[in-house]
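Work out the full structure: start from the sequences and follow the hints.
As you go down the protein sequences, you meet chains A and B in turn. Under our numbering, the first residue of the first sequence carries the number 1, and numbering increases by one thereafter. Under our numbering, the first residue of the second sequence carries the number 1001, and numbering increases by one thereafter.
I should point out that these hints are in silico values taken from the structure, not numbers from a laboratory. Each hint should be verified, as a subset may be incorrect.
Claimed, not checked - Pulled from the structure, derived: some chain B residues nowhere near chain A, Cβ distances all over 12 Å: (1) E1053; (2) E1087; (3) K1156; (4) T1172; (5) S1202; (6) A1221.
What the hints assert, rightly or not - One-sided excerpt, in silico: chain A residues whose CB lies under 7 Å from chain B: (7) A20; (8) S203; (9) L206.
Keep in mind it's a predicted model, so treat the numbers as computed, not measured. The beta carbon of each residue, even a glycine, is placed where N, CA and C say it ideally should be.
Here is what each chain is made of, one letter per residue.
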Amino acid sequence: MSRAALLVLADGRFPAGGHAHSGGAEAAVRAGRVTDAASLEAFCRGRLHTSGVVAACVAAAAALGADPGDLDRAVDARTPSPALRAAGRRLGRQLMRAARATWPSPELDAVASLFPKGAHQPVVLGAAARAAGLGALDAAYCSLYEGVSGPATAVVRLLGLDPFDATGVLARLADDMDRVARDAVETAERVVSDGVGVLPARSAPLLEIGAEAHAARAVRLFAS
Amino acid sequence: MHLDHHLESPAAVSADARRPDGSRRALRIGLGGPVGSGKTATVAALCRALREELSLAVVTNDIYTREDAEFLLREAVLPPERITAVETGACPHTAIRDDISANLEAVEDLEDEVGPLDLVLVESGGDNLTATFSRGLVDAQVFVIDVAGGDDIPRKGGPGVATADLLIVNKTDLAPYVGSDLGRMAADAKTVRGELPVVLQSLRSEDGVREVADWVRERIAAWTA
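This is the structure in structure tokens:
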């Protein structure tokens, strides 16, 4: 297992299309729910403990080799918003391209061939971690960190928020991320033995509603 | 069938000249340059000039709207299914250089859905003088500046002006009104670009895009040779 490979995969500059997405932050800013560092922190904490938990469990399970088709259907079932499902698949397809070029592997090729238009992003993230020689905990961390760093970066652009404040928000979420990542690995191990039914189904209704409103906007900075 | 091809091609395609099914992919030409220099107008003129002889499609990279894609649709330069807009998350240069995944996906989807294509024009969102395309996304790039942006831009250089495969100095018809010295612009461009070509054009004149269209035709001929 290579610690350096984790840095490559977790790097915000890893070319997998994430820069065009705000993780729901743009919709939250438009609705006046995120206005400063404190509300950004609340937004990210909420995301971390709802959709973030689900994504981390799925990524960790995929990294352990759980069936990608089952995991993908489980994500569909846990994502009511069609706009979010579409964004998740688009990001999954883009991550797959980058991962196959970076860590060529027959297993990744097989997942790509099952989903030519993209599997959900956490499924691909877990498969990419596996191809990179990383473990379930690494995949969970990557998923969780992306889930909060994307909105934080986006809010810097959307609100002109002080970038030091935004980075401080991420640092204050570190303990939460540690706990959620450890729990996600335990859940992922149970997915391998008991199937995807044991995956949590937490959701944040405002993220889903915001994603639909955002998708209908003619003028926006981020794709989702 | 599609699935088998994926399994046979372990690496993800980007700059590969062949598509997964073995056929030659379309030539991809990027157009970049500052806001308002005439990138979209040049793309529209190229589509009109070339659409009878080539199978072509356009990818636009709008910054926060679908304005450029909608302009092309409104002008009806191509059927709507041949124009795709990519969203760039406030960073147009990232989408054409540092993280080209959304643009590659758009190009490949166009080839799948309306192909076979001879040419895909990838238009960048308006940016600054340092914006260039990745060689993983395009085979050749055009940088578009205009006389109204200041006649010192060629002298200032920058990666776009200095290294693009073709430099267009657009809106030459405006030169007398904004006090730009076309001779000086051409000479400065020559100094920073050496042998690389420069076209001074006005799309207001009859067949104003002819020189650029001819350059594209040469590129196509070299690509398919």
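Results for each hint:
{"no.": "1", "hint": "E1053", "result": "32 Å, holds"}
{"no.": "2", "hint": "E1087", "result": "4 Å, violated"}
{"no.": "3", "hint": "K1156", "result": "27 Å, holds"}
{"no.": "4", "hint": "T1172", "result": "33 Å, holds"}
{"no.": "5", "hint": "S1202", "result": "31 Å, holds"}
{"no.": "6", "hint": "A1221", "result": "30 Å, holds"}
{"no.": "7", "hint": "A20", "result": "4 Å, holds"}
{"no.": "8", "hint": "S203", "result": "24 Å, violated"}
{"no.": "9", "hint": "L206", "result": "21 Å, violated"}
Violated hints, in rising order: 2, 8 and 9; the structure is consistent with all others.
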